[in-house]
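Please arrange chain B on chain R, whose structure you already have, making use of the hints.
Protein chains: 2
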Amino acid sequence: MFESAELGHAIEKKVYDREVPKLRAALLDAQYDVGSAKRFPVLILIGGVDGAGKGETVNTLNEWMDPRYIHTHAFGLPNDEESEHPEFWRFWRALPPKGRIGIFFGHWYTTPILRRVYGDIDDGELDRQLTEISRFEKMLTDEGILLLKFWFHLSKDRQRKRLKELSERKKTRWRVTESDWKHFKLYDKFRKISERSLRETSREQAAWTVVEGMDRRYREVTVGKAILAAIQERLKSAPPAKPADVLPVVSGADRKRILGALDLSKKVDEETYEERLEELQGRLNLLLRDPDYRRISTVAVFEGCDAAGKGGAVRRVTQALDARQYRVLPVAAPTDEEKAQPYLWRFWRHIPHRGRLVIFDRSWYGRVLVERVEGFCSRADWTRAYSEINDFEEQLVHDRIVVAKFWLQISKEQQLARFKAREKTRFKRFKITEEDWRNRKKWDAYQSAVCDMVDRTSTELAPWTLVAAEDKRWARLQVLETLCRRIEKTLKKS
Amino acid sequence: MFESAELGHAIEKKVYDREVPKLRAALLDAQYDVGSAKRFPVLILIGGVDGAGKGETVNTLNEWMDPRYIHTHAFGLPNDEESEHPEFWRFWRALPPKGRIGIFFGHWYTTPILRRVYGDIDDGELDRQLTEISRFEKMLTDEGILLLKFWFHLSKDRQRKRLKELSERKKTRWRVTESDWKHFKLYDKFRKISERSLRETSREQAAWTVVEGMDRRYREVTVGKAILAAIQERLKSAPPAKPADVLPVVSGADRKRILGALDLSKKVDEETYEERLEELQGRLNLLLRDPDYRRISTVAVFEGCDAAGKGGAVRRVTQALDARQYRVLPVAAPTDEEKAQPYLWRFWRHIPHRGRLVIFDRSWYGRVLVERVEGFCSRADWTRAYSEINDFEEQLVHDRIVVAKFWLQISKEQQLARFKAREKTRFKRFKITEEDWRNRKKWDAYQSAVCDMVDRTSTELAPWTLVAAEDKRWARLQVLETLCRRIEKTLKKS
Numbered sequence: 001m002f003e004s005a006e007l008g009h010a011i012e013k014k015v016y017d018r019e020v021p022k023l024r025a026a027l028l029d030a031q032y033d034v035g036s037a038k039r040f041p042v043l044i045l046i047g048g049v050d051g052a053g054k055g056e057t058v059n060t061l062n063e064w065m066d067p068r069y070i071h072t073h074a075f076g077l078p079n080d081e082e083s084e085h086p087e088f089w090r091f092w093r094a095l096p097p098k099g100r101i102g103i104f105f106g107h108w109y110t111t112p113i114l115r116r117v118y119g120d121i122d123d124g125e126l127d128r129q130l131t132e133i134s135r136f137e138k139m140l141t142d143e144g145i146l147l148l149k150f151w152f153h154l155s156k157d158r159q160r161k162r163l164k165e166l167s168e169r170k171k172t173r174w175r176v177t178e179s180d181w182k183h184f185k186l187y188d189k190f191r192k193i194s195e196r197s198l199r200e201t202s203r204e205q206a207a208w209t210v211v212e213g214m215d216r217r218y219r220e221v222t223v224g225k226a227i228l229a230a231i232q233e234r235l236k237s238a239p240p241a242k243p244a245d246v247l248p249v250v251s252g253a254d255r256k257r258i259l260g261a262l263d264l265s266k267k268v269d270e271e272t273y274e275e276r277l278e279e280l281q282g283r284l285n286l287l288l289r290d291p292d293y294r295r296i297s298t299v300a301v302f303e304g305c306d307a308a309g310k311g312g313a314v315r316r317v318t319q320a321l322d323a324r325q326y327r328v329l330p331v332a333a334p335t336d337e338e339k340a341q342p343y344l345w346r347f348w349r350h351i352p353h354r355g356r357l358v359i360f361d362r363s364w365y366g367r368v369l370v371e372r373v374e375g376f377c378s379r380a381d382w383t384r385a386y387s388e389i390n391d392f393e394e395q396l397v398h399d400r401i402v403v404a405k406f407w408l409q410i411s412k413e414q415q416l417a418r419f420k421a422r423e424k425t426r427f428k429r430f431k432i433t434e435e436d437w438r439n440r441k442k443w444d445a446y447q448s449a450v451c452d453m454v455d456r457t458s459t460e461l462a463p464w465t466l467v468a469a470e471d472k473r474w475a476r477l478q479v480l481e482t483l484c485r486r487i488e489k490t491l492k493k494s
Numbered sequence: 001m002f003e004s005a006e007l008g009h010a011i012e013k014k015v016y017d018r019e020v021p022k023l024r025a026a027l028l029d030a031q032y033d034v035g036s037a038k039r040f041p042v043l044i045l046i047g048g049v050d051g052a053g054k055g056e057t058v059n060t061l062n063e064w065m066d067p068r069y070i071h072t073h074a075f076g077l078p079n080d081e082e083s084e085h086p087e088f089w090r091f092w093r094a095l096p097p098k099g100r101i102g103i104f105f106g107h108w109y110t111t112p113i114l115r116r117v118y119g120d121i122d123d124g125e126l127d128r129q130l131t132e133i134s135r136f137e138k139m140l141t142d143e144g145i146l147l148l149k150f151w152f153h154l155s156k157d158r159q160r161k162r163l164k165e166l167s168e169r170k171k172t173r174w175r176v177t178e179s180d181w182k183h184f185k186l187y188d189k190f191r192k193i194s195e196r197s198l199r200e201t202s203r204e205q206a207a208w209t210v211v212e213g214m215d216r217r218y219r220e221v222t223v224g225k226a227i228l229a230a231i232q233e234r235l236k237s238a239p240p241a242k243p244a245d246v247l248p249v250v251s252g253a254d255r256k257r258i259l260g261a262l263d264l265s266k267k268v269d270e271e272t273y274e275e276r277l278e279e280l281q282g283r284l285n286l287l288l289r290d291p292d293y294r295r296i297s298t299v300a301v302f303e304g305c306d307a308a309g310k311g312g313a314v315r316r317v318t319q320a321l322d323a324r325q326y327r328v329l330p331v332a333a334p335t336d337e338e339k340a341q342p343y344l345w346r347f348w349r350h351i352p353h354r355g356r357l358v359i360f361d362r363s364w365y366g367r368v369l370v371e372r373v374e375g376f377c378s379r380a381d382w383t384r385a386y387s388e389i390n391d392f393e394e395q396l397v398h399d400r401i402v403v404a405k406f407w408l409q410i411s412k413e414q415q416l417a418r419f420k421a422r423e424k425t426r427f428k429r430f431k432i433t434e435e436d437w438r439n440r441k442k443w444d445a446y447q448s449a450v451c452d453m454v455d456r457t458s459t460e461l462a463p464w465t466l467v468a469a470e471d472k473r474w475a476r477l478q479v480l481e482t483l484c485r486r487i488e489k490t491l492k493k494s
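In order, the protein sequence lines correspond to chains R and B. Once you know that position 272 of the first sequence is 272 in the numbering used here, the rest is easy, because the numbers rise by one and skip nothing. Once you know that position 25 of the second sequence is 25 in the numbering used here, the rest is easy, because the numbers rise by one and skip nothing.
Pulled out of the complex, with its shape left as it was, chain R reads as follows (with noise of 0.2 Å):
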């Protein structure tokens, strides 16, 4: 796959000052229409070997074009806040939003390829985290990025040469550091793993583009048509179209489904409950300021019918709590912000450090739920959610957060009657709106959508709870309980 990036590809100064005019002309132009468009990101990833010219090609490609609307970001090593999240957090709040270009410098590759080069991971390791970024990288173009990859390459003695040249000159000396030595003696098997993880994240969405990082003047023309061209030729063309082969969600052929075979009669006498939430609160609190939590954190979700009893549920989670511990997400609507990014972005964003807790009062599941039920998006995009959502809480358990989801359910009459409750109480009647009704009068179709949720998203790393809450104290103990339950197991684990 290098072999072409050794040919020694140059190109003359007077083709180049031609040529780069015109280029320079229409990459602006290119960028003020995806500006002005704002249908998509684009998302440059810029990698290869050390001393190919990559961080010259990123200043020159933001000479060229208007720099306000480029974002360039250099990934070294994870920072303190960044560690305090998983691996993928710091990509995600640096991704574009529709309508910029992004530049990201050391990216999703590098700690794979360098860690498989100094052996920290094993080749099956690698595959696995290979496979994770493919996956990152088709939700990224599913939803609609402009994913443009260009590896940097350079034949072995061209790198010698290069780093020799770099070092010699007093203007450049500083460019070559210790480690780029170390690096250029693992050539060899800096290639092979690099060829590797070229081969098994090249797919047609997501092809990578290699560059021979030897002459300047050649490298910054290639790269500069190819984004050209990838540019052009996506403002041409409609929206990505989404694919018409999506199988039916289907059920069972008998009535039965999980919400059904949920008692709902389970209930618990005062007494008891105030017995149980205090002693069921304080075992929280434990956990939480427990040392050994301040290595994990979690994500707590909350989900339900309307008026099942989500925010009282929420509040007795949070009375056990310190405030500085933990935050509530209500999911409103996205904002412009939010939508001019990927769906799991703006739930990104809220993923707590170490030591925290965030409950999000609904969540990401409502792409699977109200925005299928609603049609506020197309079947190809919420059933490919449900596979996105298991390998986002995948990313998360893996970096030792608790993912806790409620499911609270209650029966259509007693919807009705706390409905017709809030009516009548003053202090109350905020809670209750048309759109309440509205949803109502889709009970079926809500509770289907929910079934199917439950079955494709309950996985072992990050199973539903489904709570009965006809009786609001039975829900909030249950949900509690099964919180401690669940960080208990992990701290365990950790």
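Check before you lean on any hint, since a few could be wrong.
Copies of the same chain are indistinguishable here, so a pair counts whether it falls within one copy or spans any two.
Claimed, not checked - The list that follows gives simulated cross-link-like pairs (lysine to any residue, SDA-like), each with its CA atoms no further than 25 Å apart:
#1 LYS236 x CYS377
#2 LYS138 x LEU344
#3 LYS489 x ARG196
#4 LYS472 x THR425
Simulated from the structure, these hints should not be mistaken for lab results.
Quick look at chain B alone, frame taken from chain R:
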């Protein structure tokens, strides 16, 4: 993911008797519609726990539909012939053609899951195999197969009960084997690993349907209805849309490309040639008679410009060998049977046994050469072919098959001279057609496609050898020499 399949799903006899006649009629209709449209094949995978009625359900499906157009395959341990080939070979040869329904029973999931349960492989290797499976299934669905995957589940209690029941009844006793009880002891492990496998491979176009297996009527109607819904919907919908957002394939900014770097002036005099030829043919002959060669095999691919001398080079290889050891496959337009299958099918069928050598005179690379240049397939199709081909060759290499790929290159002038000579020589006239002259007009487009092909598919596992063929003798020696070297390398490793 299995919770919903532990609810004790069942259908009353009354309901079953009322519903089944309608369902059968509809399934038969759907089957005939699939058969007459001949637009896509249907592939049904049946997997799951023992005693969950997988076999009975398959029998029922065969009864309900027209069994002449259903092909049911039960894959057990590989037989002799199968184990002489890469693992997926047996699945490829059993794929249903367009218009037909295939049922696979014991399939590509069985071995990885069982081997993991028995501890023969670790999580990393399981994940690697699941990734391979995901890619394979993506290729199948990209090629238009309607893939339906059913997982039959029983809770632990129910499986115990069911196995007991079966072994107590005289009529069914034979169906419960030692290994069923052995598996049962590993139930928890099996469940956990199955869950992981389903989770990792449930993508939107190849989603699993989990079916509770306790009640015969329930599982039959559930599976029947799911098949019906999926077929009906696919029949209604247009052929799967090709994604519009495939990246354009761009080349470097100068004109230097890998083919141009080839030194075409290389030649060898007659005397040296005869000597070296004899020596290399002897070496190759010995290699294939090496007892160790019985554990490997070779796939040699010959591609090249028209009149570059592929035929002559191939003959110099076969001269060295015993006719029982090799086969030459000239690849022409696909047959009707081949057209009814995924693109790679017609090559898979010719993958050699151990101890053999197969020469493809033109190959699967037609997709990214002639089909690309002549517009016989869409850009989406040929761009995804690069990674499909890499996956394919990776599977071969992992099965200890040497994959040697030769591109024979001549200059445009040399081609003209050879074309003219062919027209003059009577016995060679059949070798030159109108089509050759037509292709010659697209010289640049073809050359560019070759460079893209080499850039994307010359991998460490299966590198391309670019052969300067201006001098036929030089080319033949290089082919023989490379072939010997590649076989020796693999022999040493195995």
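Comparing the hints with the structure gives:
Proximity of LYS236 to CYS377 under the C-alpha cut-off of 25 Å is found in both arrangements, the shortest distances being 23 Å within a copy and 21 Å between copies. Taking the closest pair of Cα atoms, LYS138 and LEU344 come within 25 Å of each other both inside a single copy (13 Å) and across two copies (23 Å). Taking the shortest alpha-carbon separations for LYS489 and ARG196, only the inter-copy value of 19 Å comes in at or below 25 Å, while the best intra-copy value is 37 Å. For the homomeric pair LYS472 and THR425, the shortest alpha-carbon distance inside one copy (18 Å) is at most 25 Å, but the shortest distance between copies (95 Å) is not.
Hint violations for this structure: none, all hints satisfied.
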